[in-house]
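Number of protein chains: 2
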Amino acid sequence: MKLEMICTGEEVLSGQIIDTNAAWVANTMMELGIEMQHRITVGDRLDDLVQAFIDRSHHADVIIINGGLGPTSDDMSAEAMALAKGEPLVENVEWREKLIEWFSRNNRVMAKSNLKQAWLPESAVMIDNPVGTACGFRVKLNKAWLFFTPGVPFELKHMITEQFIPFIKAEFKASENTALKKLLTIGHGESSLADSLADLTLPDGVTLGYRSSMPHIEIKIFARGDEAIRQLSSVTQEVKAILGTAVVADDKPTLAAEIHQRLYQSGFSLSVAESCTGGLVTSQLIDFAGSSSYLHHGLVTYSNESKVKVLGVNPQVLDDHGAVSIQTVEAMAKGAREILDSDYALSTSGIAGPDGGSGEKPVGTVAIALATKNAVYSQMIKVSSRSRSLVRSLSAAVAYDMLRRALLDEAIIVDYPSIKRFDK
Amino acid sequence: MKLEMICTGEEVLSGQIIDTNAAWVANTMMELGIEMQHRITVGDRLDDLVQAFIDRSHHADVIIINGGLGPTSDDMSAEAMALAKGEPLVENVEWREKLIEWFSRNNRVMAKSNLKQAWLPESAVMIDNPVGTACGFRVKLNKAWLFFTPGVPFELKHMITEQFIPFIKAEFKASENTALKKLLTIGHGESSLADSLADLTLPDGVTLGYRSSMPHIEIKIFARGDEAIRQLSSVTQEVKAILGTAVVADDKPTLAAEIHQRLYQSGFSLSVAESCTGGLVTSQLIDFAGSSSYLHHGLVTYSNESKVKVLGVNPQVLDDHGAVSIQTVEAMAKGAREILDSDYALSTSGIAGPDGGSGEKPVGTVAIALATKNAVYSQMIKVSSRSRSLVRSLSAAVAYDMLRRALLDEAIIVDYPSIKRFDK
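Protein sequences, first through last, are from chains W and L.
Taking my numbering, the leading residue of the first sequence gets 1, the next gets one more, and so forth.
Taking my numbering, the leading residue of the second sequence gets 1, the next gets one more, and so forth.
Chain W on its own, in the form it takes in the complex:
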């Protein structure tokens, strides 16, 4: 099956939006063993859309078209498809009713322009969108099925998962079984990961891929065919043995997701005191529904005065050792934990840059502590100072990993590849 994609919209073509939809779709299909073969990005020009639909319908079996289903005049995917096919637009009564019902249910006044979203090419099969006002549709042209999806990422993902994947599974019988194992790593660059795994002999049908999503790199171990699938688990064990502490989670998109699941299931409570990470440790957990069951509070004590007044850090500690020190983060973690007697507390303090570094403590120096009911563990690391956001996200990842290791009763302070650790 030859899969292609056509992304529409001036804002995507002109770079005002970075096209994460395209990457998400290609990635998602890859996990089903279907490679994206070609992608065109066109603006909101009717001629360009029509030409792209006709041209690619001679090459592809299936084309996912993304965007251009909205109510405004620059949304012209349906009109372009009707022109490409040489047929009129016809109002889809079912979707018209749904639109009216949707606006009434949400207590919103429907603009006239919204009714445009019910007009589809005559031969189109309408595709339900239970999470938005733009229905999808599909049309057969030449050898290809053109499958139209909304540009809103949330609606696109819903439609691909619930409608597109079942459609292509039914239309083009999936030939071979595939399986995928994902390992989340920290500390390695992509090329050093590839170098570390270069000597690994992979069974036929097993391939490795890497996806960089800083501060993580995800390793994908892909197995195609029953024999390869049988060997997936032993290959995974070999990869883990080679990479050691760099592997921090199995089949989780982020360390925050790993921590959320463990805390949510265990019933342990957490408090967080952040300085340089600026709320990142807290907010990544709060992104998950249910986090209120274990998260007591996240105190972003950015100023020294706040560390003293909110967390009870002794001002003498700040004077003697500075805000970025083992002593300060240990006092921060203890203070945050004691306020509500939480089971665990994490704290961070560091120099995210671009300013504020010194010879002794350059930009990228970060102190991190974990307090439990019985002890405090801490370390001071130096991460690549390439960007403020990377210093913060990698520091948050190391903090999460300390907690993860504590929850697993493993050693809490360990060496990671490429992350330098200062002695106390």
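There are no misleading hints in this set.
If chains are identical, the list can't say which one is meant, so a pair holds when it fits in one copy or spans any two.
Within a straight-line C-alpha distance of at most 30 Å, the following computed DSSO-like cross-link-like pairs (lysine-lysine) qualify: (1) K116 x K420; (2) K112 x K240; (3) K116 x K382; (4) K157 x K143; (5) K252 x K373; (6) K334 x K309; (7) K420 x K98; (8) K220 x K157; (9) K309 x K382; (10) K309 x K373; (11) K116 x K181; (12) K181 x K112.
None of these hints come from the bench; they were simulated from the model.
Once you have looked at the hints, place chain L on chain W.
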């Protein structure tokens, strides 16, 4: 001048890398008034490359090709171009010497494969790359100049800025001046914005565009030509007059950027106490270097106990009115402000969902307060409950806007389109 782009590389097509190069190039050219018209993304398949080069050379005046200039076997841009043009590859002696010199200067051993990077199509004009080992080149095919650039973002940016832009300026005299004004809005959907502005008569050469970046929608007012540019300011005033409170910033990508700049320049200090927004108000500000000069702390008091112990909220207030109430957020803002006697404090408490709603306070109900040294302002709003992250980001936006209006000495509590406000 018709500009197009062809992006190459399996990792870009398959979504393992999000294509930030494409967005950067399009944005950079747009700022010169040159629109990107079309973009193709192809993998490392020779046939696809050759076909794309030939096809698009009939449409475009200039095509930027990105990637495929490296030393490995999957780098095949030069080979594909030679095939498309029907001419041989020829070693460029100048670049061969540069390669040898580059490796010697960097004390690195040159792999034989690196010499491949000096082989260019016979008619190519070599383009210097002073920051890498892949030279660029350009070739004329049919009506188009195809301009080949390296995939490494740093090298690409250097070549576009130093070589490509001077080339097109010389080759295609810049014809018309352009100017762009951006207005940031909250509260309107894209279609209701378009409806509100439908009756506005735009002068020739002035166009409106919309970019959705929830919880904001940005309106772009684009003027092409000197006469249109002269009218840009009056059109902007008309748009603002029609939209009223929905316009919250000029030429800023987010409200956080607006608040950061105002606080950074004014010297006023801020404390934040967050519940449902979970650190978002704080972390969006901390993303900006320099925020430590005004941000005292951001206290994510997720549990009721934390609101009492950290912020000093009276437990009776929580008992009588609940965590999501005007009384509670007012006490939170006062408490957060008083700890360090900040000039301002913002607080939020709400029901982000998907659970926790009730008949009286459904999911999407959020109370927000702003404390100053003299007074406390508060409101309780109901935002669309479509997603947890939208409830949080829109609540943060309304909180920022209260502070923005306070800094401008404007009314602090106002009605926004589509955001329902409860009476106290």
